[in-house]
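With the numbering used here applied, the sequence shown covers 1 to 78.
Everything labelled a hint here was simulated from the structure, so no lab data went into it.
Take the hints with a grain of salt, since some may be wrong.
Calculated cross-link-like contacts (lysine to aspartate or glutamate; reagent style EDC-like; alpha-carbon spacing at most 20 Å) [stated by the list, open to error]:
id: 1; residue 1: K62; residue 2: D50
id: 2; residue 1: K62; residue 2: E17
id: 3; residue 1: K63; residue 2: D10
id: 4; residue 1: K62; residue 2: E11
id: 5; residue 1: K67; residue 2: D50
id: 6; residue 1: K31; residue 2: D55
id: 7; residue 1: K67; residue 2: E35
id: 8; residue 1: K63; residue 2: E11
id: 9; residue 1: K69; residue 2: D50
id: 10; residue 1: K31; residue 2: D70
id: 11; residue 1: K62; residue 2: E25
id: 12; residue 1: K67; residue 2: E11
id: 13; residue 1: K62; residue 2: D10
id: 14; residue 1: K21; residue 2: E11
id: 15; residue 1: K67; residue 2: D55
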Amino acid sequence: MLRHKHSLVDEFPQCREQINKLKHENPTFAKMAAEYHTLDHQLCGLMMRDIPTSDENYLSLKKRRMKLKDQIYAMLSH
């Protein structure tokens, strides 16, 4: 299975500089970005290594990543 990139910079390439700036200047943003990265890494690991997991667990991780992405986008939009 091919993995699509979901890093914040891949998701929001037009905001690359703003993402880097906020990671250093805004502790809340930095925490959210770190959690997003961790979730993306976990999801990638499950897909790439074909690790057995329940659909419920997989969907829960994806939903959490999506919610964080929405919150991060809201911060980038201000």
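For which of the previously enumerated hints does the structure constitute a violation, in increasing order of number? Per hint list: 2, 5, 6, 9 and 11 violated.
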